[in-house]
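Student: Protein chains in written order, with our numbering: chain A, 1 to 151; chain B, 152 to 300.
Since the hints were derived computationally from the structure, they do not count as laboratory data. Note that CB positions come from ideal geometry on N, CA and C, so glycine has one too.
Listing some non-contacts, in silico: residues in chain A with all C-beta distances to chain B over 10 angstroms:
(1) Leu4
(2) Lys6
(3) Trp16
(4) Ile81
(5) Arg90
(6) Glu122
With the C-beta cut set under 8 angstroms, the calculated list includes, among others, these residues of chain A facing chain B:
(7) Glu64
(8) Leu74
(9) Ile106
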Amino acid sequence: MKMLKKEVGRFPVGVWIAIVAILALFLGWGMQAYSLFDWDGALYLGLQNERFTGDAAERAWAQESWGVAMADMLWPLPIGIVALTGILRRRFYGFAAGLMELSIGIYFPLVFAFQRWATYPETVVVAIFLWTIPSLLGIIGLWENREYFDE
Amino acid sequence: MLEPTLITWILVVFGLLFVFLPMLFIQLLMVLRPHSQKTRDICIGKGEDWRDKTHFRMSFGAGWADLVIWLPLLAAGSIGVLMGQVWGYALWAASGAISVYINIILWFSEREYVYPAYGPLVYYTYFWGFFVYWGVAVVVYSVLRLVTI
Numbered sequence: 001m002k003m004l005k006k007e008v009g010r011f012p013v014g015v016w017i018a019i020v021a022i023l024a025l026f027l028g029w030g031m032q033a034y035s036l037f038d039w040d041g042a043l044y045l046g047l048q049n050e051r052f053t054g055d056a057a058e059r060a061w062a063q064e065s066w067g068v069a070m071a072d073m074l075w076p077l078p079i080g081i082v083a084l085t086g087i088l089r090r091r092f093y094g095f096a097a098g099l100m101e102l103s104i105g106i107y108f109p110l111v112f113a114f115q116r117w118a119t120y121p122e123t124v125v126v127a128i129f130l131w132t133i134p135s136l137l138g139i140i141g142l143w144e145n146r147e148y149f150d151e
Numbered sequence: 152m153l154e155p156t157l158i159t160w161i162l163v164v165f166g167l168l169f170v171f172l173p174m175l176f177i178q179l180l181m182v183l184r185p186h187s188q189k190t191r192d193i194c195i196g197k198g199e200d201w202r203d204k205t206h207f208r209m210s211f212g213a214g215w216a217d218l219v220i221w222l223p224l225l226a227a228g229s230i231g232v233l234m235g236q237v238w239g240y241a242l243w244a245a246s247g248a249i250s251v252y253i254n255i256i257l258w259f260s261e262r263e264y265v266y267p268a269y270g271p272l273v274y275y276t277y278f279w280g281f282f283v284y285w286g287v288a289v290v291v292y293s294v295l296r297l298v299t300i
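If we strip away everything but chain A, and leave its shape as in the complex, we get (with noise of 0.2 angstroms):
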């Protein structure tokens, strides 16, 4: 664990891993906005797997996809603005809201995971792998480095 404590340029290893994960969730909170702004424009990208033209179960998904979009930017997307605007000022709220927001990036992945295994078990993999762990991993980065913000 001394590791994450070790200055790499501006900050600890283990800050530099939370920065990360949350520019990773930001990649997935974009992907999201995107996918409000233009539906179709998502399902021709592949950021969102049902359309709302589709038959009753598509278009059942299709509105629970669109409620977690729209929950993403009314409270993860705020949180992780705060998280990174204090992490980088080197701020004790930013390490509170740095917290919170990969909390929310190791559960949600996690709900997808056994929600939709059965049918799309590659997106799943991609999640975990691309925000779950990372999301693990900047939190114990955090910890580890709780000392070194300020307030």
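With the hints as your guide, set chain B onto chain A.
Tutor: The following block gives chain B in isolation, referenced to the frame of chain A:
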């Protein structure tokens, strides 16, 4: 040390009675007996059935994720804050953030189906509202306590 205050105790007791214990019971039912009538009566409404496979899978996924991540964070955070530990507030803030997050999703994906059956009093209290109120309160309170260290 962050000594527990009256607000700490109120949030711990409220969280235990209206968030942790009900969700532990419901989500255990959800993952152990997902298709039983009792599970459906509690999760959807008396005599109701899953709207479709999507509705069931969403609830099933949330059930597992709550048991694996959210409820352990909530329990560990509550113990930590009562012990006056900084990590307790950090875990509490994380569990509060998850509580608000999943309930925003439910607002958009489920409200139109369950609200008519339960009505405003039940919906805005123990069915949905308590989870949001508790989550917001815990996030705000934890951050306020953590920044005073």
